[in-house]
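If you read the sequences in order, they're chains P and Y.
No gaps in the numbering here: position 232 of the first sequence is 232 in this note's numbering, and each next residue is one more.
No gaps in the numbering here: position 112 of the second sequence is 112 in this note's numbering, and each next residue is one more.
Watch out, some of these pointers could steer you wrong.
Coverage of chain Y stretches by chain P, computed from C-beta distances (three or more under 8 Å per stretch; other residues unrestricted) [as the list claims (entries may be wrong)]:
1) 110-122
2) 133-146
3) 150-159
4) 174-183
5) 193-202
6) 270-282
PhoX-like, lysine-lysine: derived pairs with alpha carbons at most 20 Å apart [unchecked claim]:
7) Lys41(P) <-> Lys152(Y)
8) Lys41(P) <-> Lys147(Y)
9) Lys41(P) <-> Lys53(P)
10) Lys162(Y) <-> Lys152(Y)
Just so you know, the hints here were simulated from the structure itself, not pulled from any lab data.
As the structure is a computational prediction, the values presented were derived from the model and not from experiment.
Yeah, the Cβ is synthetic: ideal placement off N, Cα and C, and Gly gets one too.
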Amino acid sequence: MRSDHGQPAPRALSLAAIAGLLFLHVPLLLIFLYAFTTEEKSYQFPPPGLTLKWFGAVWERQDIWNALWLSVKVATIATAIALVLGTCAAAAVARARFFGRDYISLLFILPIALPGIITGISLRSAFNIMNFDFSFWTIVLGHATFCIVVVYNNALARFRRTSGSLIEASMDLGADGFQTFRYVVLPNIRSALLAGGMLAFALSFDEVIVTTFTAGQQATLPIWMLTELIRPRQRPVTNVVAIFVIAVTFLPILFAYYLTRDGDHVAGSGK
Amino acid sequence: MTDVVAGTVHDRRGGVLRRISDTLFRHPHLLLALLLAPPLLWLGIVYLGSLLALLVQSFFSIDEFSGMVKREFTLSTYAELFNLANIDVILRSLLMAVAVTLAAALIAFPIAYYAARYARGRWKALFYLAVMLPLWSSYLVRVYAWKLILAKEGIITWLAGKLYLTWLLDAILAIPVIGGPSLSISYIGTFLVFLYVWLPYMILPTQAALERVPANLLEASADLGAMPRQTFWTVIFPLALPGLIAGSIFTFSLTLGDYIIPQIVGTSSYFLGQVVYTLQGTAGNIPLAAAFTVVPIVIMGIYLTIAKRMGAFDAL
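The shape of chain P in the complex, shown without the other chains (with noise of 0.2 Å):
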């Protein structure tokens, strides 16, 4: 859509927009300034000192890099399962329509619509009565269920704006169905890929709720966090360890982000 002809914003409508982005931005700027106070005990504000001693303390921390390591190894399995399914998913909706459709993506949907207590208690009682023992690998199943519809969500906006002509030309050329897939199709979406990848790791990697229910005696490291937070052993520790989180999540976000630009969200690109 093309602005009102260069018209600037109603001031109030601007105003009402940057007051919205400060109320997302300033209490994640905060914690920031708290990874450097002096004050242990308590939230005051403002703090009392600043300090870098935190830094060193979460260093020497050994629970603190486990957590971090069963994060990464669930993160990476659990994104490698999404995108093989949220591919395929995505290809098949995409390219047909057939009965049950709807019904189908509504279930690829499902697991991040309902609340995530509800995945998280079904796959426990599933795992129960089965008696699975929770482990590293019923983490996993519980994360990759609902990564596949981030993946499928990308995959599928690529999908949709890449013509199906090139496939047919690809054909017709001689190709056969895995040549094309694999000259043709994946150069195409190959660049959704690493986008969805990269938010199913972040979404994975900061899952808490779902994870929650599917560990046993594992920490991940938002277990960690959330078991710091209800009974703190050194608070500036758990700043400095959220300061981390954010930086890790940010980075594939911006990467993602450049990677799909240019297309996936352009103006009118909707039916």
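Fit chain Y to the supplied structure of chain P, relying on the hints for placement.
Chain Y alone, transformed into the frame defined by chain P:
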């Protein structure tokens, strides 16, 4: 692509792959089935299977003496949902979800509208990232940030003191029901954190819907003599509505089921998610926990049906 030269393809890859490919090409339904099978099996078995297992358990009951689950069909567990205390929890969660959704729509709309109609080029990108970043940055970190802000010794109390507005803060905290000893122990606090955490989910679909409004429709409206206000209410808003509804699916559903936010910032009275969590954990009453989860499933079922009718799924 250039290395697939028509002539060489046949020679290099005759054989099995070519035959499989030909078969799939001649039977598009087979290809479709092969593509759909893995994700459907996964979601069907892991996800729907678990949901069904949970549903079945809601028809069991718990033996009051032994505390064991009795595996016999009964509706008595559902009857328990209608206890005064349980109805109270459900209503409280519903009211909170409605309040959060309405407030989110109110705050999200100007941001989405500005981003869709006025922001250009670099600014547009910046706007988009400014909304995406909080959406994807850690949920717990964001909840925690508000714990810092709302705490009694936190920044709001400090700010109120500096601005000589402590009386106002005290007055707000003195309001019955929604007030409390400090902002971090009150419904106001819980509401603010919910609103903050789910707001980006409302902005993005609304912005997407607004961007799809064709410019010539607005010009036509103006040419036909509509005032900007009329154009807004009769053209822009109805077209943006599917986006708002799509966003509300998330804000509503996520508020309804969350148990961490009211635990970290809030009063001692329970929300739906907390009850479910306690029932399945310490209380060990899986049947009642299962019956409780049916409540948001039913509510979301109705919600999604209405949303689908209003075209919200295309705006997702």
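Status of the hints after comparison with the structure:
Counting residues of the region 110-122 of chain Y whose beta carbon lies closer than 8 Å to any beta carbon of chain P gives 9, which meets the minimum of three for the stated coverage. For the region 133-146 of chain Y, the assignment as covered by chain P holds, since 13 residues bring a beta-carbon within under 8 Å of that chain's beta-carbons and 3 suffice. Note: the region 150-159 of chain Y has 6 residues with beta-carbon separation from chain P under 8 Å; the three-residue rule is met and the coverage holds. With 0 residues carrying a beta carbon less than 8 Å from a beta carbon of chain P, the region 174-183 of chain Y misses the three-residue requirement, and the given coverage is violated.
A count of 3 residues in the region 193-202 of chain Y with a Cβ less than 8 Å from any Cβ of chain P is obtained; the coverage claim is therefore met, three being the minimum. Under the rule that three or more residues need a Cβ within less than 8 Å of chain P, the assignment of the region 270-282 of chain Y holds, with 4 such residues. Proposed proximity of Lys41(P) and Lys152(Y) is supported: the alpha carbons are some 13 Å apart, at most 20 Å. Pair hint Lys41(P) plus Lys147(Y) holds up; C-alpha atoms about 14 Å apart against a cutoff of 20 Å.
For a cut-off of 20 Å, the pair hint linking Lys41(P) to Lys53(P) stands: about 15 Å separates their Cα positions. In summary, the hint linking Lys162(Y) to Lys152(Y) is supported, as the alpha carbons are separated by about 15 Å, within the 20 Å threshold.
When each numbered hint is compared with the structure, a violation occurs for hint 4 only.
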